[in-house]
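Novice: Starting from the given sequences, assemble the full structure and let the hints guide the process.
Protein chains in written order, with the numbering used here: chain A, 1 to 344; chain B, 1001 to 1234.
Bear in mind the hints are in silico, worked out from the structure with no lab data behind them. Ideal placement from N, C-alpha and C gives every residue a C-beta, glycine not left out. A hint or two may mislead.
Claimed, not checked - Not everything, but these chain A residues come out facing chain B in the computed CB check (under 10 Å):
{"no.": "1", "residue": "F22"}
{"no.": "2", "residue": "G58"}
{"no.": "3", "residue": "R65"}
{"no.": "4", "residue": "G88"}
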Amino acid sequence: MSPAAAGDAPDGILVESLTKTFRAGQVRALDRVSLAIVPGEVFGVIGPNGAGKTTLLGCLLGFLRPDAGRIAIGGRAPDDLAVRAATGYLPERLSLDRWMTGLDYLRYQHALARLPAATRSADAAQALAQVGLEPAAGRRRIRRYSRGMLQRLGLAQALLGRPRYLFLDEPVSGVDPEGVLLFRRLLSELKGSGVTVVLNSHQLEQVERVCDRVAFVRQGQVDSIETLAAGAELSRVLRVRVAAGAPLPGEALAAAARDAGAELVSAGAAQASFQVPGDAAAARLLRALIAAGIPVVEATAEQGRLERLFMEAAGGRGAAAPTRAPGAPPDRPAGSPGEPGGAP
Amino acid sequence: MNLTLIRALLLQRMLSPVRICLVVAFFLFPLMLAAFEADARMANMDYVFVLILGAGMVGQDVTSGVLQGLLARPVRRSEYLVSRWLAVALGSAFLTLLLAALGYLIAAARGNAADLGPVAVRACEGVLTDFGVAAVLAFFSSWMNGLGDLAVFLMASLGAQLCEGIGSIKPAWEWVARVGREFDGCLSPRLDLTQALGPGVSAFAVVSYFSTVTLCLALAIVILNRRELSYASG
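Specialist: What follows is the structure, encoded as structure tokens:
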């Protein structure tokens, strides 16, 4: 779908030539970024530190004023109250009112979201349960919450009122494995109900598992947008393990790879690695190996698809840093604006 | 105005041990005086509750990052700011009135109570001062992070008093004292209601008070509207 088509569609998010600078134009955090997120899509934003991901999210939420360009969320400006009423947001740096109990906090957010007072307590309790927090945890003051519990509570408040747009900044940071599974399930349910999700995360495996598409942001620009949905063809290395002691003839492996449209990368004791261009080629390769009498017992991707794409992109284009105007001061040693640990 | 925000700020202040201790201390001190004086009002401490309750009313939310989460909700920045101002002003006004009432009762019980009329008028003046100083603090808080608003307010007050002091040394320096008084008037907008019992309050004083309060709030809203809420924007 073209950017214009997505933005004009109800509930679509359109970003056109978005530019944002800091320090009087010395640091260009976003440089003519254009995106089109279709309704009901789970859209990931990844990139190295300082790439401008959080700045992009800040602009989408109306916290930052772009220098140039346009953002339309369902055809409206991001700071339009109607957009905010339909928005859920989980910030990366979770700052909750720690003097409240979990349930009080959810009721407070419920009231701020202008949701009906009649359902306030029930909705708060339901949101708490939705993120796997016990009722007893809801009665506890937030200052006593662990990092993972805080993250769950943050997600619960973002889900209040069934938002149509959900902006999640590092949503599973500090969450235990059970919480990660819960997050995936929730995201799947939200996707099923047509919620448009923008997910900013460094955890590539999670992004790969939940996103339909992902944008690689680098030096304030969108490098590429990859489709991750089922059926997408992404090149990766497949590691095949065979039964211990079984012979592993190099010629047979290479022939099977050729037949499948793959390439033999290496062969060692009881395992071989193949470069495969996509899911279909991986399946053909496994069939060819078994047909050749090779006792395959396990086949695993050496890297996640996204991880591989990320590494390829990072390797090919040098170190990450915000684009600077001529004569601009150098970066601080750690981080840069727009990312954790960056300039204040 | 947003009742949820007003209630939240008052609850937050009530659960802050430091602020509660300060409120109790500044509450008890004049009451002890009331046992010996005609009333419990202390001329230079009548807006102390505004400073205790209001310090960091916006700046602390900005620093902690709470404001981002709040403004992701359908809440206008102007609505947020006016609600914070009202919460601080109402909380302080309640404490001012309570203090005046208790002071009067204690003094009356000891048989040295003043006339009720002037005490009531001074209590009302105190309430108006609370609303005025809260507006000034809201203005400082809209552009200062953390508790910077309190620091700026105290430094500015000190500067105003210094000017008044310097101006009183020589008659030729009277203009310095005048500057100090005007500056102090801006920092703590007041309305002298004692004349309400007699010839009436001057229109100039009323306009001056309300224009200062309105200007502070308007400037605070403009500044807050222009603020970018991201750690990337510092």
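Novice: Each hint: holds or not?
Specialist: Hints and how they fare:
1. F22: F22 (chain A) check passes; min Cβ-Cβ to chain B is 6 Å, inside 10 Å.
2. G58: Interface hint status for G58 (chain A): holds (4 Å vs cutoff 10 Å).
3. R65: This interface hint holds because 6 Å falls under the 10 Å limit.
4. G88: Cβ of G88 (chain A) sits 8 Å from chain B, so the hint holds.
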